[in-house]
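Protein chains in written order, with full-length UniProt numbering: chain A, 1 to 203; chain B, 1 to 203.
Hint data in this document are derived by calculation from the structure and do not stem from the laboratory. A virtual CB, placed ideally from N, CA and C, is assigned to each residue, including glycine. One should not assume that every hint holds.
[Unchecked claim] Pairwise CB distance ranges, derived in the manner of DEER restraints:
no.	chain 1	residue 1	chain 2	residue 2	range
1	B	104	A	121	45 to 55 Å
2	A	117	B	83	32 to 42 Å
3	A	143	B	17	18 to 28 Å
4	B	109	A	186	31 to 41 Å
5	B	148	A	14	40 to 50 Å
6	B	21	A	19	21 to 31 Å
7	B	146	A	24	16 to 26 Å
[Claimed, not checked] Derived DSS-like pairs (lysine-lysine); straight-line CA-CA distance at most 30 Å:
no.	chain 1	residue 1	chain 2	residue 2
8	B	18	A	34
9	B	34	A	171
10	B	196	A	196
[Said to hold, decoys possible] Partial pick of chain A residues on the chain B-facing surface, computed with a CB cut under 7 Å:
no.	residue
11	9
12	43
13	44
14	81
15	105
16	177
17	181
18	195
Protein chains: 2
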Amino acid sequence: MSGTESDDAERHRAKMEKRRAMQDAEVASKTVEKGLLLVHTGTGKGKSTAAFGLALRVLGHGGRVGVVQFIKSRPTGEKTALEVFGDRVVWHTAGEGFTWVTQDKARDMAACQGAWETAQALMADETVGLVILDELNIALRYEYLPLDEVVARLAARRDGLHVVVTGRNAKPALVEAADLVTDMTMVKHHFKAGVKTQAGIEY
Amino acid sequence: MSGTESDDAERHRAKMEKRRAMQDAEVASKTVEKGLLLVHTGTGKGKSTAAFGLALRVLGHGGRVGVVQFIKSRPTGEKTALEVFGDRVVWHTAGEGFTWVTQDKARDMAACQGAWETAQALMADETVGLVILDELNIALRYEYLPLDEVVARLAARRDGLHVVVTGRNAKPALVEAADLVTDMTMVKHHFKAGVKTQAGIEY
Numbered sequence: 001m002s003g004t005e006s007d008d009a010e011r012h013r014a015k016m017e018k019r020r021a022m023q024d025a026e027v028a029s030k031t032v033e034k035g036l037l038l039v040h041t042g043t044g045k046g047k048s049t050a051a052f053g054l055a056l057r058v059l060g061h062g063g064r065v066g067v068v069q070f071i072k073s074r075p076t077g078e079k080t081a082l083e084v085f086g087d088r089v090v091w092h093t094a095g096e097g098f099t100w101v102t103q104d105k106a107r108d109m110a111a112c113q114g115a116w117e118t119a120q121a122l123m124a125d126e127t128v129g130l131v132i133l134d135e136l137n138i139a140l141r142y143e144y145l146p147l148d149e150v151v152a153r154l155a156a157r158r159d160g161l162h163v164v165v166t167g168r169n170a171k172p173a174l175v176e177a178a179d180l181v182t183d184m185t186m187v188k189h190h191f192k193a194g195v196k197t198q199a200g201i202e203y
Numbered sequence: 001m002s003g004t005e006s007d008d009a010e011r012h013r014a015k016m017e018k019r020r021a022m023q024d025a026e027v028a029s030k031t032v033e034k035g036l037l038l039v040h041t042g043t044g045k046g047k048s049t050a051a052f053g054l055a056l057r058v059l060g061h062g063g064r065v066g067v068v069q070f071i072k073s074r075p076t077g078e079k080t081a082l083e084v085f086g087d088r089v090v091w092h093t094a095g096e097g098f099t100w101v102t103q104d105k106a107r108d109m110a111a112c113q114g115a116w117e118t119a120q121a122l123m124a125d126e127t128v129g130l131v132i133l134d135e136l137n138i139a140l141r142y143e144y145l146p147l148d149e150v151v152a153r154l155a156a157r158r159d160g161l162h163v164v165v166t167g168r169n170a171k172p173a174l175v176e177a178a179d180l181v182t183d184m185t186m187v188k189h190h191f192k193a194g195v196k197t198q199a200g201i202e203y
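With the rest of the complex left out, here is chain A (with noise of 0.2 Å):
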């Protein structure tokens, strides 16, 4: 090794080794344990997507997950993959659709409500370590459900239950209330470029 090389590889150690020392110091601050409300919205690919990878991550620790959908009802990879771990996740799908395609707001309504239900008696369930609550946040916009309600029961889930609140336009009360907020932003998107749906991708 040359002299300019060892210097570099000298830096890029005495770099690195100070933003070691950052990172253990800021892991060591951190002392709380809890269960989570995670809310994943904007207008960008992933945010159910990233709660079925939850799911996945709660699953590989041994945990059971439960699964509501509030709107849509297409079949999907992920249900289908999940069946694999049987009993150890609970899946619920509450509508028949995009509020576009029923075009029967009554009927929706008496949907998302059966879904709370089922939500709730899934976070009541001690055996069970996360809730995805795909696309709550389309219930909440349309006011298919009580927002005030929603918000108070998921903010006084039991301890070390998280909840995953998936949709675009996720309500500002639901936001504040949440531990984790992401916003899937779309920076690019290939539905522009003529490109269809696909198994796999969309679903």
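Please arrange chain B on chain A, whose structure you already have, making use of the hints.
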């Protein structure tokens, strides 16, 4: 039902009918089917998580998935969970931790080079429908791999193969080559409230 309720229901139906027609027209305008290059970047949570959610989706449709982790090495819940799919998931971990953990540039570069070779082998394997290149953006940012070569190879992927690249600070040349780019934007993070890294959430 009173007159007002019935008017309201009718207005809703008419509005949703219009929306559905727009939606249908949009879907009909998309005709291209292709393997996509997806990039999950940004400082928020959900980049790798959404990639693993996509893996579930592909597995649910009967596909095989390749995972190459360029930087991280901590045992993760998603890795354990995906083991249930046997050889339908091929998992390769390159690094021994973030660069500030190893503090050895030469070793990190060699590990990334090996990972990139594995990635190319997975991309060539016609039984694989999705390849996840986890934290490749970090390896590119530290110039551990030649950007031009990597982007050229990704752009020249075979028909029907989806590739997801994750990590902060995606390079502009990669964004340019991608079909879909999502920036996971941090709105609110529990670390700020002193909550620590937890199984099932961060790994």
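Outcome of the hint check:
| no. | hint | in the structure |
| --- | --- | --- |
| 1 | B:104 with A:121: 45 to 55 Å | 52 Å, holds |
| 2 | A:117 with B:83: 32 to 42 Å | 35 Å, holds |
| 3 | A:143 with B:17: 18 to 28 Å | 20 Å, holds |
| 4 | B:109 with A:186: 31 to 41 Å | 34 Å, holds |
| 5 | B:148 with A:14: 40 to 50 Å | 30 Å, violated |
| 6 | B:21 with A:19: 21 to 31 Å | 55 Å, violated |
| 7 | B:146 with A:24: 16 to 26 Å | 32 Å, violated |
| 8 | B:18 with A:34 | 45 Å, violated |
| 9 | B:34 with A:171 | 35 Å, violated |
| 10 | B:196 with A:196 | 41 Å, violated |
| 11 | 9 | 6 Å, holds |
| 12 | 43 | 10 Å, violated |
| 13 | 44 | 4 Å, holds |
| 14 | 81 | 4 Å, holds |
| 15 | 105 | 4 Å, holds |
| 16 | 177 | 10 Å, violated |
| 17 | 181 | 4 Å, holds |
| 18 | 195 | 5 Å, holds |
Hint compliance for this structure: hints 5, 6, 7, 8, 9, 10, 12 and 16 are broken, all remaining hints hold.
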